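Participant: Chains as they are written, first to last, in this note's numbering: chain S, 1222 to 1612; chain D, 8 to 229.
Just so you know, these hints were derived from the structure itself, not from any lab.
Given the structure is predicted, the values throughout are model-derived calculations rather than measurements.
By construction, the Cβ of each residue, glycine as well, lies at the ideal position given by its N, Cα and C atoms.
Treat the hints with care, since some could be wrong.
One-sided excerpt, in silico: chain D residues whose CB lies under 8 Å from chain S [to be verified]:
no.: 1; residue: Ala68
no.: 2; residue: Gly70
no.: 3; residue: Gln71
no.: 4; residue: Ala90
no.: 5; residue: Asp94
no.: 6; residue: Gly96
no.: 7; residue: Leu197
no.: 8; residue: Ala198
no.: 9; residue: Leu199
no.: 10; residue: Phe201
no.: 11; residue: Gln207
Counterexamples of contact, computed for chain D against chain S with all Cβ distances above 10 Å [claimed, not checked]:
no.: 12; residue: Thr10
no.: 13; residue: Asp21
no.: 14; residue: Phe97
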Amino acid sequence: MALQPAAGARDLHPRQVDRNRQLCQRLAAVYRLWGYREVAPPMVERLDTLEAGGGIAERDVARLIAEEPLGLRPELTASIARAACTRLADRPRPLRLWAEGSTFRTFTGDGGGQRLSERLQSGVELLGVRSAAADAELMALLLACSETLGLQASHQPRLLVGHHGVLSALLEDLPAAHRPRARQALSGFDPLAIARLPLPQAQIDRLQALLRLRGEPTVVLPQLRRHLGESPLIDELAGSLEIVAPTAARLGISLQLDPSFQPHFDLYDGIVLKLVCLGAEAPVEIASGGRYDALVGRFGAEATEAAGVGFGFSIEDIRDLLLRPGSRDPAGRPVLVAYGNHSSLARALDCLARLHDKGQSAELLPDACPSRDQAEAAAQRRGCSALEWLH
Amino acid sequence: MITVALAKGALLKDSVRCFAAAGLDFSALLDADNRQLMVPSPCGRARALLVRNADVPVYVAYGQAQLGVVGDDVLREHQLPVAPLLDLGFGGCRMAVAVKENSGYSRAAELPAHCRVASKFVRCAEAFFAGLDLPVELIHLTGSVELGPITGMSEAIVDLVATGRTLRENGLVAIDELFHSTARLIGNPLALRFDLGDLQGIVDRVATTTTAAASVSAPSLR
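Same shape as in the complex, but just chain S (with noise of 0.2 Å):
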């Protein structure tokens, strides 16, 4: 009998269990604050939902065995838009969702077979609404969550602001069936493969430029106006990042403006969003999102109502960076509570009682414990912030 989990699966201790949740309720606290609903999407759908209409590919979803075609969530949007669609669509806009659960990715490893990677995430989906007042409701929401974290400056948070509709603009001089290879080497930051495209070098070289283009949005944005002229995309990505702009300076988070960044699935067709923390040894990607209109539509919404914006968090690559690795705990330590023979038994749950009483962790060493140093040596080794011994 296999004594392992399956690889991939996640088999958490009490440690990570309670940091997770804890990371969860702040999250899902803000969220209510703002006037989310939770809902609960289902951990198996079809896999044509899944699959968000080709913005997931086949390859990263976890197919079940089953009559149907089924598979296990990648991510939580697909699911909410549906519900949003169907369930829920008789219930006013803007819709306001949120959800947290476990998502499953597979990958193929390097022996050919199937990997599987489970990860928990907490996020929200706004729907119904098409407008830059909803990006910029997200952003503040975004660094609102970021703020009860406890993110540190040495962790130099940064917001990376992308737009798929202005990286489409910025192709839209390209022969149209260039576009897509374009776009992919620039997403992928391939400058080798922009250098093979069959384009003329004048072409290249702005598309290299424009790999390179990236920063402050005060900086960023008089660089894509001049390339792109008036552009009302332009203008509303300009407003939504002025309004968050002072917050996220309040909080110590940088905004960067790049156009050439797309996240892993290809949900999204305007703003797209990922927040990124400075790891122990590495930038580690924290949440990420943006809007997502055309999915909402292939749902069946009417078009006055085919829109969503949403992000998700990444729970425990937020715990793992907020909790470096031999750093302890001992707000959820508890006091260990001994006694010294059987008599005092009913005293020491009294104590127990009391502590619990006052919101207080304990537990109780179920056998008799002779001496207060054989206490403190139990106490210490089980990880008790404290010790009550009753003699």
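Take the given structure of chain S and dock chain D to it, following the hints.
Facilitator: Same frame as chain S, now just chain D:
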């Protein structure tokens, strides 16, 4: 601190030379007595990880190294999410199909359907034969693949050929080329987007040592 993953073996000397041009001295790795796997540059701005060829893109993909140098053959075979930044031009070799000299085959397309092909590079081989519409049975070996045809285990091999000497000395001949491979400077895509100029500065200085500088020039957005 910037971390660079460098491959042990044939690419190491030229890799160290490239980073020296960028002001990062990892020459300690070339010292025959060196046993350290992580070596800091004397300037204190960077460190190099000495890893196996196939592990370079792994360290870069996971972000433990922001930059790395590895052959294009490894990138094509392992398909990891890394950004290929520069063709460094050195370490040239070709990925080829080879058979026994006396086999009578002169092109890969002449190989019989469902024949056995041995290779360390099964993904590259699979894609090549799929492109020929030729179904073959691929056998994954981890080294000395020339023994496949010699022992009769396989009809052909797919392997890297630099000078062709190993093939010749084992009675094999190359009959088709999949691609020509040279060393690539690769980067972690998220680290490159997070970069405030340090990484790009190193990439640009390394580019001056290559013949591929045109692909990384920094033209303005007109």
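Participant: Which constraints among the numbered hints does this structure fail? Numbers only, ascending.
Facilitator: 1, 6 and 12
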